[in-house]
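*Asks:* Sequence:
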Amino acid sequence: MRIGRPGFSERLKQRALGLTAAALVLPMAAGIAGTAVAGAAPVAHRAPAGGFEEVFVPSAMGPIKVQIQWAARGGNAALYLLDGLRARNDRNAWTFETNALDQFRNDNVTLVMPVGGESSFYTDWMSPSNFNGQKGTYKWETFLTKELPAYLETRGVSRSNNGVLGLSMGGSAALTLAAHHRDQFKFAGSLSGYLNISAPGMREAIRVAMLDAGRYNVDAMWGPPWNKQWLRNDPFVFAPQLKGLSMYVSAASGLPGAHDNPRAPIDYFNTANGMALEALSLANTRAFQVRLGTLGIPATYSFPARGTHAWKYWENELWNARPQILSALNA
Numbered sequence: 006m007r008i009g010r011p012g013f014s015e016r017l018k019q020r021a022l023g024l025t026a027a028a029l030v031l032p033m034a035a036g037i038a039g040t041a042v043a044g045a046a047p048v049a050h051r052a053p054a055g056g057f058e059e060v061f062v063p064s065a066m067g068p069i070k071v072q073i074q075w076a077a078r079g080g081n082a083a084l085y086l087l088d089g090l091r092a093r094n095d096r097n098a099w100t101f102e103t104n105a106l107d108q109f110r111n112d113n114v115t116l117v118m119p120v121g122g123e124s125s126f127y128t129d130w131m132s133p134s135n136f137n138g139q140k141g142t143y144k145w146e147t148f149l150t151k152e153l154p155a156y157l158e159t160r161g162v163s164r165s166n167n168g169v170l171g172l173s174m175g176g177s178a179a180l181t182l183a184a185h186h187r188d189q190f191k192f193a194g195s196l197s198g199y200l201n202i203s204a205p206g207m208r209e210a211i212r213v214a215m216l217d218a219g220r221y222n223v224d225a226m227w228g229p230p231w232n233k234q235w236l237r238n239d240p241f242v243f244a245p246q247l248k249g250l251s252m253y254v255s256a257a258s259g260l261p262g263a264h265d266n267p268r269a270p271i272d273y274f275n276t277a278n279g280m281a282l283e284a285l286s287l288a289n290t291r292a293f294q295v296r297l298g299t300l301g302i303p304a305t306y307s308f309p310a311r312g313t314h315a316w317k318y319w320e321n322e323l324w325n326a327r328p329q330i331l332s333a334l335n336a
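Residues in the sequence shown are numbered consecutively from 6, following my numbering.
Check the hints yourself; a few may be wrong.
Stated by the list, open to error - In silico lysine-lysine, DSBU-like type, Cα no more than 35 Å apart, as pairs:
| hint | residue 1 | residue 2 |
| --- | --- | --- |
| 1 | K317 | K70 |
| 2 | K151 | K140 |
| 3 | K151 | K70 |
| 4 | K151 | K248 |
| 5 | K70 | K144 |
| 6 | K233 | K140 |
| 7 | K144 | K317 |
| 8 | K140 | K248 |
| 9 | K233 | K144 |
| 10 | K248 | K70 |
| 11 | K70 | K140 |
| 12 | K248 | K144 |
| 13 | K151 | K233 |
| 14 | K151 | K317 |
| 15 | K233 | K248 |
| 16 | K248 | K317 |
If you're looking for bench data, these hints aren't it; they were derived computationally from the structure.
Note that this is a predicted model, so its numbers are computed, not measured.
With the sequences and hints as input, model every part of the structure.
*Replies:* Structural data, given as structure tokens:
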């Protein structure tokens, strides 16, 4: 007996079954892959509930890798975690130098961890760095306040219910981003940041540090020391703009603590560097504290008696700041 072609109604039924199967398979495949191209992200009404993902988000600098841990229950709040001066191009150091992912794994807030930006201060540069042959111009502020939020919005993350926290370079940048984008950030945290960069010697110190971390020319960032861009990015100067913002500000003494156990000569060298960097951050942070005090602007401060410029101390401070972060973001 010859089997004929199915009728029109039967073909419709088969096509519907095929589309249903595809709809079920595609999300599963995307979840298994673990890495996505941002341009293909679907528009969603809420963020994915839990899980870790790496995406590439289009930007004026080219595709930027972003590591994301989604809110445990699909909430719309997000915490941006910024890296330090020696940010790597493969991973954000919060993901492997600390237990930040575990700290927030069961919380209803998405962790957003951009990758890259060595010596960038997460700002929009004036031109490429000519000392190291940089091909393009850093545009990190644009990315973090326009391009990345636009992508995250397609995944259900709010443009206005965000916090930003960073260490060292990222700490200064966190306050700068929050001050100039108050519609985006409800919380800002600085851990061992440099919050008084107009202080004597600070601009020269930043110049030397950036040369050491990738041979970047600071003049390509904010121009010569008398350029007004230096003032725009100095937390001590723009402090009045922080009024009403939930803030957590920390710097340790610079004295070696529980996480400093040097053994080899290089360990002693790194510990000495960490001591000096943290002492400088403490001086900056104390000056910033006085500045906020004169303006009547409250913040939460943490000044541990011991601790150097090192990740395990920042891990501890992130944990201390966590309740304030969750409260500020209603997460």
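*Asks:* Has the given pair, K317 with K70, been kept, meaning a C-alpha gap of at most 35 Å?
*Replies:* holds (24 Å)
*Asks:* Between K233 and K144, is the straight-line Cα distance small enough, at 35 Å or below?
*Replies:* holds (18 Å)
*Asks:* Are the Cα atoms of K248 and K70 separated by 35 Å or less?
*Replies:* holds (33 Å)
*Asks:* Take a quick look at whether K70 and K140 sit within 35 Å of each other, Cα to Cα.
*Replies:* holds (18 Å)
*Asks:* Is K140 within 35 Å of K248, Cα to Cα?
*Replies:* violated (38 Å)
*Asks:* Measure nothing beyond the straight line between the CA atoms of K151 and K140; if it is 35 Å or shorter, mark the hint as holding.
*Replies:* holds (22 Å)
*Asks:* Starting from K70, check that the Cα of K144 is at most 35 Å away, please.
*Replies:* Satisfied, since the Cα-Cα distance of roughly 14 Å is no more than 35 Å.
*Asks:* Within a Cα-Cα threshold of 35 Å, do K248 and K317 meet the stated pairing?
*Replies:* holds (30 Å)
*Asks:* Take the C-alpha atoms of K144 and K317, compute the straight-line distance between them, and say whether it is at most 35 Å.
*Replies:* Given that 35 Å is the threshold and the Cα spacing comes to 29 Å, the pair holds.
*Asks:* For the pair we were handed, K233 and K140, check the Cα-Cα distance against 35 Å.
*Replies:* holds (25 Å)
*Asks:* Run the distance test for K151 versus K248: straight-line Cα separation, threshold 35 Å.
*Replies:* With Cα atoms ~23 Å apart, K151 and K248 stay inside 35 Å; holds.
*Asks:* Quick one, are K151 and K317 close enough, alpha carbons at most 35 Å?
*Replies:* It holds: about 31 Å lies between the C-alpha atoms, which stays within 35 Å.
Of the hints listed earlier, the one the structure fails to meet is number 8.
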